[in-house]
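There are 2 protein chains.
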Amino acid sequence: MKLLKVDTIKQVLEKMDEHFSDLKLGVELVNIGEAMGRTAAESVVSELNIPDFNRSTVDGYAIKASDTFGVSESIPVFLDVVGQVEMGKAAEMKITSGKTAYVPTGGMIPEGADAMIMIEHIEEVDNHTIAAYSSTAPGENVIKIGDDVSKGEALIYKGKLVRPQDIGTLAAAGVRQIKVFERPRVAVISTGDEIADPFEAIKLGQVRDINTYTLSSMAEELGAFVTIKQVIRDDYSLLEASVKAALEENHIVLVSGGSSVGNKDVTAKVIDAMGEPGVFVHGIAIKPGKPTIVGKAKGKALFGLPGHPVSALIVFKVVVEYLLTKLMSRENQRLQLIAKCAVNVHSSPGKETFQMVELERTEEGYLAIPLYGKSGAISLVSRSTGFIRIPHNKEGLTKGETVMVELL
Amino acid sequence: MKLLKVDTIKQVLEKMDEHFSDLKLGVELVNIGEAMGRTAAESVVSELNIPDFNRSTVDGYAIKASDTFGVSESIPVFLDVVGQVEMGKAAEMKITSGKTAYVPTGGMIPEGADAMIMIEHIEEVDNHTIAAYSSTAPGENVIKIGDDVSKGEALIYKGKLVRPQDIGTLAAAGVRQIKVFERPRVAVISTGDEIADPFEAIKLGQVRDINTYTLSSMAEELGAFVTIKQVIRDDYSLLEASVKAALEENHIVLVSGGSSVGNKDVTAKVIDAMGEPGVFVHGIAIKPGKPTIVGKAKGKALFGLPGHPVSALIVFKVVVEYLLTKLMSRENQRLQLIAKCAVNVHSSPGKETFQMVELERTEEGYLAIPLYGKSGAISLVSRSTGFIRIPHNKEGLTKGETVMVELL
Numbered sequence: 140m141k142l143l144k145v146d147t148i149k150q151v152l153e154k155m156d157e158h159f160s161d162l163k164l165g166v167e168l169v170n171i172g173e174a175m176g177r178t179a180a181e182s183v184v185s186e187l188n189i190p191d192f193n194r195s196t197v198d199g200y201a202i203k204a205s206d207t208f209g210v211s212e213s214i215p216v217f218l219d220v221v222g223q224v225e226m227g228k229a230a231e232m233k234i235t236s237g238k239t240a241y242v243p244t245g246g247m248i249p250e251g252a253d254a255m256i257m258i259e260h261i262e263e264v265d266n267h268t269i270a271a272y273s274s275t276a277p278g279e280n281v282i283k284i285g286d287d288v289s290k291g292e293a294l295i296y297k298g299k300l301v302r303p304q305d306i307g308t309l310a311a312a313g314v315r316q317i318k319v320f321e322r323p324r325v326a327v328i329s330t331g332d333e334i335a336d337p338f339e340a341i342k343l344g345q346v347r348d349i350n351t352y353t354l355s356s357m358a359e360e361l362g363a364f365v366t367i368k369q370v371i372r373d374d375y376s377l378l379e380a381s382v383k384a385a386l387e388e389n390h391i392v393l394v395s396g397g398s399s400v401g402n403k404d405v406t407a408k409v410i411d412a413m414g415e416p417g418v419f420v421h422g423i424a425i426k427p428g429k430p431t432i433v434g435k436a437k438g439k440a441l442f443g444l445p446g447h448p449v450s451a452l453i454v455f456k457v458v459v460e461y462l463l464t465k466l467m468s469r470e471n472q473r474l475q476l477i478a479k480c481a482v483n484v485h486s487s488p489g490k491e492t493f494q495m496v497e498l499e500r501t502e503e504g505y506l507a508i509p510l511y512g513k514s515g516a517i518s519l520v521s522r523s524t525g526f527i528r529i530p531h532n533k534e535g536l537t538k539g540e541t542v543m544v545e546l547l
Numbered sequence: 140m141k142l143l144k145v146d147t148i149k150q151v152l153e154k155m156d157e158h159f160s161d162l163k164l165g166v167e168l169v170n171i172g173e174a175m176g177r178t179a180a181e182s183v184v185s186e187l188n189i190p191d192f193n194r195s196t197v198d199g200y201a202i203k204a205s206d207t208f209g210v211s212e213s214i215p216v217f218l219d220v221v222g223q224v225e226m227g228k229a230a231e232m233k234i235t236s237g238k239t240a241y242v243p244t245g246g247m248i249p250e251g252a253d254a255m256i257m258i259e260h261i262e263e264v265d266n267h268t269i270a271a272y273s274s275t276a277p278g279e280n281v282i283k284i285g286d287d288v289s290k291g292e293a294l295i296y297k298g299k300l301v302r303p304q305d306i307g308t309l310a311a312a313g314v315r316q317i318k319v320f321e322r323p324r325v326a327v328i329s330t331g332d333e334i335a336d337p338f339e340a341i342k343l344g345q346v347r348d349i350n351t352y353t354l355s356s357m358a359e360e361l362g363a364f365v366t367i368k369q370v371i372r373d374d375y376s377l378l379e380a381s382v383k384a385a386l387e388e389n390h391i392v393l394v395s396g397g398s399s400v401g402n403k404d405v406t407a408k409v410i411d412a413m414g415e416p417g418v419f420v421h422g423i424a425i426k427p428g429k430p431t432i433v434g435k436a437k438g439k440a441l442f443g444l445p446g447h448p449v450s451a452l453i454v455f456k457v458v459v460e461y462l463l464t465k466l467m468s469r470e471n472q473r474l475q476l477i478a479k480c481a482v483n484v485h486s487s488p489g490k491e492t493f494q495m496v497e498l499e500r501t502e503e504g505y506l507a508i509p510l511y512g513k514s515g516a517i518s519l520v521s522r523s524t525g526f527i528r529i530p531h532n533k534e535g536l537t538k539g540e541t542v543m544v545e546l547l
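Residue numbers (the numbering used here), protein chains in the order written: chain A, 140 to 547; chain B, 140 to 547.
Quick caveat, the hints were computed from the structure, so don't treat them as lab data.
Hints should not be assumed to be uniformly reliable.
Copies of the same chain look alike in the list, so a pair counts if it fits in one copy or across any two.
[To be verified] Calculated pairs, DSS-like style, for lysine-lysine (alpha carbon to alpha carbon, straight line, at most 30 Å): (1) K342 - K318; (2) K426 - K290; (3) K408 - K538; (4) K318 - K368; (5) K342 - K233; (6) K368 - K299; (7) K408 - K228; (8) K290 - K342; (9) K456 - K318; (10) K426 - K203; (11) K283 - K426; (12) K479 - K533; (13) K228 - K154; (14) K299 - K456; (15) K538 - K479; (16) K228 - K429; (17) K368 - K283; (18) K297 - K479; (19) K203 - K342; (20) K465 - K228; (21) K149 - K465; (22) K299 - K228; (23) K490 - K283; (24) K283 - K456; (25) K408 - K144; (26) K533 - K429; (27) K228 - K426; (28) K479 - K456; (29) K228 - K383.
Okay, chain A solo, but in the shape it has when bound:
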């Protein structure tokens, strides 16, 4: 049994960085149509220019811009129409001074032309001649080769979550498949003699399992593949067998419950029994969530989370999510909403306090309204839009103070 010394969140994350530096995910190749929500495992560079021909942004006539310099409503220039470009076809004609060709929006601009004059600014004189009434600058109404993406430019970066517009950009560049990180495999084990299957009749003194459901869903939301969801009794041998089996095929094993320092604190012992270095964090200076264990064995990550559903959820957000996103090299810059605190909020000195809030949209912006509930109240989290972190060296929050809200 190691000495119980509580770490700050910062210390915990540093220790995790150090211990889990050799924990890596594999990489797999997926079709871009199936890449949504996955994380790019390498940057992809365009092998093409987009577009790969000069394209018109208007319906009009391709011209040498210099032919129109100085023309106006009263002094047009007359140009010979040498042809008409069809959508999706190469422009075969060549434009020299005094010549022009019709090009539809999105069509290819013929060689020699450097601008498009809109149909609104010309008049058809006869079948072979137009009068152009507007001075047009070189490059006007033209998307040039490589204007959208140039050959060699990055289409997506390693660690980026793939969004619909990224898939569009990859398609535009003719990229059929990309390398993404394999889904981190996670096992979720809830321990507790009082925990019962939610859908069985329960006996007085028992409570229904919550953590297996919330922790699995949160892991899946981040892109993990949850291989095991299990509830077991608070028994050393049972937990040892269960964790041992889970370690075989998972990157991360989560055990909720059994992490307090009572007579039934078996999680720490089981993690230590799995191999070196075993438990390296035992207690975090946060509220709620203090009785948290982080360990490593067989090159995998093991977490002992509090049994209280709200605490387990907060600890997941703070430490497990950190590791999951880090494994995927994902930029872990969580977007936060700026809000004004609606009332004074107390905090626990010496601990980073997590305060659940709901948001109200006002004329001036968002108002963060603290929600309270007794420890363990899962309905509290269900009613919350997010939470505020109050640093350990700060004494609560003042009404009207600006706060950052992390969404749940």
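Given the coordinates of chain A, work out where chain B should sit on it, guided by the hints.
Frame of chain A, contents of chain B only:
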């Protein structure tokens, strides 16, 4: 051919509300473990109290609080230990004045007790007696029956997106399955003589299909089931056959391209040919995205979106997403980030302008930095974190002005 009158976004959404009031989604029953990201189709009320017994939040002794009134470090009260409650078991003993029983954290509090005194505040005198050194208030360290959720309280509301914590709350209440809206079925058709399959060799003058990919992914991200992804030539008969088939099995048909008023404006004609009322919006006063069509036929929704990828994406966000979330009765209160505008931004008077931005986190909050690219530049959207809407009656944005950023 109807008169081309451009509507404001507000007018378009009102017309959609009116025309699509009879477009409804079916409902299906799913296990709560598979409900993540789906939308509740009815509110669910708890049939139980959570917890359904008085529960201890500490390791300690169950007492009648009044027995400790006035006690202190120097004047303890001595209590007879009548037993020990086991986790997950009913408390069989009864506490009367002068009696107590040990209860672990999460254990059931015996009948007659109304508070818990922590082990830190007692001393074991012998096997049958403790000395209590702290005055304890009624209800202290106790979660009472129904404190988390009371019988009859709502666990989730109709129209709510199911999150991990909601699944936990439902599990806690023993709810195995919930009714969710069926996935809206969506067909995505891109038209254009220049559009080619992204993964085939393309000819000069052709461009690779982008919209099928982005529009499908965006619809899927919102929970839709995309049944058709198709690229066809700008040909009336082909498009008519394709849209007709798509209408059979889908709630929404998206056609991108072919919606401008050029000589190839076939989308509007095809939608009108599908049945009454046909096209009821032809043009929206937004930039980009003006050439947008909304119609109805056979009780289904049809959209003609611009061919330009950025315009198509914006229009999807503004009108298609509105309908999709409305069909699922989902609260469409999109969360927006408050930011300061980094520079002056121009807008198009008379049109609601959409400006792509990236966000920079500063000491004071977020800074919205406008990103520019030529029309059709999909890479612009890929580089953007979100967009700002500039109302049609507002002349651009001023550096330092507070803006709301919608995330992409």
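Q.
For K533 and K429, with the copy left unspecified, which applies at a CA distance of at most 30 Å: within, between, both, or neither?
A. Classified as within; 18 Å inside a copy, 51 Å across copies.
Q. Given identical chains, is K479 near K533, meaning Cα to Cα at most 30 Å, within a copy, between copies, both, or neither?
A. both (17 Å within a copy, 27 Å between copies)
Q: If the cutoff is 30 Å on CA atoms, where do K228 and K426 land: within, between, both or neither? Let me know, please.
A: For K228 and K426, only the inter-copy Cα distance (29 Å) is at most 30 Å; the intra-copy one is 66 Å.
Q | Same-copy or cross-copy closeness of K342 to K318 [CA-CA at most 30 Å] | A | between (50 Å within a copy, 28 Å between copies)
Q. Between copies, within a copy, both or neither: which fits K368 and K299 at Cα up to 30 Å?
A. both (29 Å within a copy, 25 Å between copies)
Q: Go through the copies and call it for K318 and K368: within, between, both or neither, with a Cα cutoff of 30 Å.
A: both (28 Å within a copy, 23 Å between copies)
Q) Within a copy, between copies, both or neither: where do K149 and K465 come within 30 Å Cα-Cα? A) within (15 Å within a copy, 43 Å between copies)
**Q.** Intra- versus inter-subunit Cα pairing at 30 Å for K342 with K233
**A.** between (87 Å within a copy, 18 Å between copies)
Q | Identical-chain pair category, K299 with K228, by Cα at 30 Å | A | Neither way: K299 and K228 sit 36 Å apart in one copy and 49 Å across, limit 30 Å.
Q. With identical chains treated as interchangeable, where does the CA-CA distance between K368 and K283 reach 30 Å or less: within a copy, between copies, both, or neither?
A. between (55 Å within a copy, 29 Å between copies)
Q.
At most 30 Å between alpha carbons: which applies to K538 and K479, within, between, both or neither?
A. both (8 Å within a copy, 23 Å between copies)
Q) 30 Å Cα cut-off: does K408 pair with K538 within a copy, between copies, both or neither? A) Neither way: K408 and K538 sit 44 Å apart in one copy and 58 Å across, limit 30 Å.
Hints 3, 13, 20 and 22, counting from the list given before, are not met by this structure.
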